[in-house]
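Visitor: The primary structure of each chain is shown beneath.
There are 2 protein chains.
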Amino acid sequence: MAGFTLKHLRYFESVAREAHFGRAADRCAISQPALSMQIKELEQILGTPLFERNSRAVSLTQFGQAFAPRAREILQATDDLSDLARASQDQLIGRLRLGVIPTVAPYMLPRMIHQLGQSHPGLDLQIRESMTPRLVQELKDGRLDAAILALPSAEPSLIEVSLFTEDFVLVRPMSDADQPIPSSEKLAEMHLLLLEEGHCFRDQTLAFCNIQSTRPWDGFDGSSLSTLVQMVGAGMGITLLPDMAVKVETRSANVAVARFADHTPTRDIGMVWRKSNPLGLQLRKVASALSTLPDSQNN
Amino acid sequence: MAGFTLKHLRYFESVAREAHFGRAADRCAISQPALSMQIKELEQILGTPLFERNSRAVSLTQFGQAFAPRAREILQATDDLSDLARASQDQLIGRLRLGVIPTVAPYMLPRMIHQLGQSHPGLDLQIRESMTPRLVQELKDGRLDAAILALPSAEPSLIEVSLFTEDFVLVRPMSDADQPIPSSEKLAEMHLLLLEEGHCFRDQTLAFCNIQSTRPWDGFDGSSLSTLVQMVGAGMGITLLPDMAVKVETRSANVAVARFADHTPTRDIGMVWRKSNPLGLQLRKVASALSTLPDSQNN
DNA sequence: TTGATACGATAAGTTTTACCTATGGCTGGC
DNA sequence: GCCAGCCATAGGTAAAACTTATCGTATCAA
Chain D
5 MAGFTLKHLR YFESVAREAH FGRAADRCAI SQPALSMQIK ELEQILGTPL FERNSRAVSL
65 TQFGQAFAPR AREILQATDD LSDLARASQD QLIGRLRLGV IPTVAPYMLP RMIHQLGQSH
125 PGLDLQIRES MTPRLVQELK DGRLDAAILA LPSAEPSLIE VSLFTEDFVL VRPMSDADQP
185 IPSSEKLAEM HLLLLEEGHC FRDQTLAFCN IQSTRPWDGF DGSSLSTLVQ MVGAGMGITL
245 LPDMAVKVET RSANVAVARF ADHTPTRDIG MVWRKSNPLG LQLRKVASAL STLPDSQNN
Chain R
5 MAGFTLKHLR YFESVAREAH FGRAADRCAI SQPALSMQIK ELEQILGTPL FERNSRAVSL
65 TQFGQAFAPR AREILQATDD LSDLARASQD QLIGRLRLGV IPTVAPYMLP RMIHQLGQSH
125 PGLDLQIRES MTPRLVQELK DGRLDAAILA LPSAEPSLIE VSLFTEDFVL VRPMSDADQP
185 IPSSEKLAEM HLLLLEEGHC FRDQTLAFCN IQSTRPWDGF DGSSLSTLVQ MVGAGMGITL
245 LPDMAVKVET RSANVAVARF ADHTPTRDIG MVWRKSNPLG LQLRKVASAL STLPDSQNN
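So the protein lines, in turn, are chains D and R.
Per my numbering, the very first residue in the first sequence carries number 5; after that it's consecutive.
Per my numbering, the very first residue in the second sequence carries number 5; after that it's consecutive.
Mixed in with the good hints there might be a few duds.
Each pair may be met inside one copy or between any two copies, as identical chains are not told apart.
[Stated by the list, open to error] Cross-link-like lysine-lysine pairs, in silico, DSBU-like; alpha carbons within 35 Å at most:
hint, residue 1, residue 2
1, 44, 251
2, 289, 11
3, 279, 44
4, 289, 44
5, 190, 11
6, 11, 44
7, 44, 190
8, 144, 190
9, 11, 144
10, 190, 279
11, 279, 11
12, 144, 44
The set of hints was computed from the structure by calculation and includes no laboratory data.
Starting from the given sequences, assemble the full structure and let the hints guide the process.
Guide: What follows is the structure, given as structure tokens:
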């Protein structure tokens, strides 16, 4: 024997409230016989009568009186659950596990958290900082919901949305400030300081200079952009910086910043998530909110 | 658009638990396409996906994770309400989901089923065999109605009713049959064969011998009492058996059974259920019917 | 790369269920 | 005794839910 249904409970509640099958049926927008049958079925399922049908009146049995408040609780809980569903439609709420690559995280996170706090109240942002391959793997494993990294991710199972494009700038010792800006070919012959293996920014820099990334490298690799700039300040060479890092990293270093006039190297920062993630729409809104961020720093 | 039904919630809960449509469909006793359609319909009603279907895996969306505990609460409340109805009969009828620990089930079940068939016609007995911690958890989750295990359960939310106390007996190779019965201290120094980690009977045996259960164990653990007795018969050591297992397990094995004269180790087998279960009165009657069982075997 | 496999979605057909209208049967009041 | 009010029953219909068979796609091994 199957259990009762929510419909049974709604009909029961209606009869209990009206103490009248006909009016209760109206309230339920069904016919009186249909209601009678459903109540009868409910009583049969429970194995106990719920109502006492006197010829002129309908009243709850003792068991019906115990049943009614519990039934109302359940109906209330289902209504609440429906509301929960509705409330979650429009905008992303709850946990968002977001991966960010190391050459973006320190410069973007403060404004990002601030921005999302404004545009997405109720969002529980959980940040993980890792290099691209690991972020991609964790996305595919379902351990991240989305990631911010340099496009393209070269991963067909992910959706990519570009947030903004940013230039690379040249950072060199202050003593070189009045030198002409070297071409990318010249750069390859200079003492170019790079991030460690695995950073996509390292690969992008090498690509710009037309250097094979597999070529053995004789320089000292830095583990962060901050280290690289300090090394440049100490006269150990030159480096490239992504635009968003410039202000923070060159503030207190004895280095000169120069922008390329032509063929400026750039990278495209984007947000990615699984194609199969049904929150695509909401994630797109998050991305949209984040794409306004670089504007707020350009001054 | 009509709201969701309890059936929707049950199906949802099943898929959420199994993370697999096929297995979930089996559990619900319907076909996989029917389940897929119902889940799809539920998602449409809610206006939000509940599951993320990767080709190889099914996982809850963030909303699904918020939805699941509430859905379970509602299902639990409906089960309680059904139980309330059954509590108004004076004898338990309908489904009884009963958990039994492995060192009791094989020896008690046949008589138990027979006894309840007599004393409780109309009872639909569903047995699950698991070790104590899991049974307790499933009781608390509302996935079991009652369990038979060794007392105490150390769980304040459960009611415990003792069914009977049974002795442990010593089982050793037939060649040792005329040896004196060792003390519990002696036992600890002999080659004592034990059940695997997790069985309460293992812990009770160790406690009797004053052995720390955290102590690394050099013996081979058996996965059933039957295996242990076979190992004893093969001369690999000695073991203890609960009384109810003796007749069945030593019948065809080349072992000697000895009872302890003094300080006999025992365990208290009892039935437990949630304090909040409205069927307490009826379950007490079931326990009472079961407590007569050991008498019928004592000959 | 290709073929096998696993798994959820889709399609077509059938059974079950919930409902409608019409009617029956009981009760209390006029 | 007849009428009015009310719930139950009967017969028929349309929607819902389920079945089996099949498809599409992703994964994995050869």
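Visitor: Taking the earlier hints as the rules, which of them does this structure contradict?
Guide: Result: hints 1, 5, 7, 8, 10 break, sorted rising.
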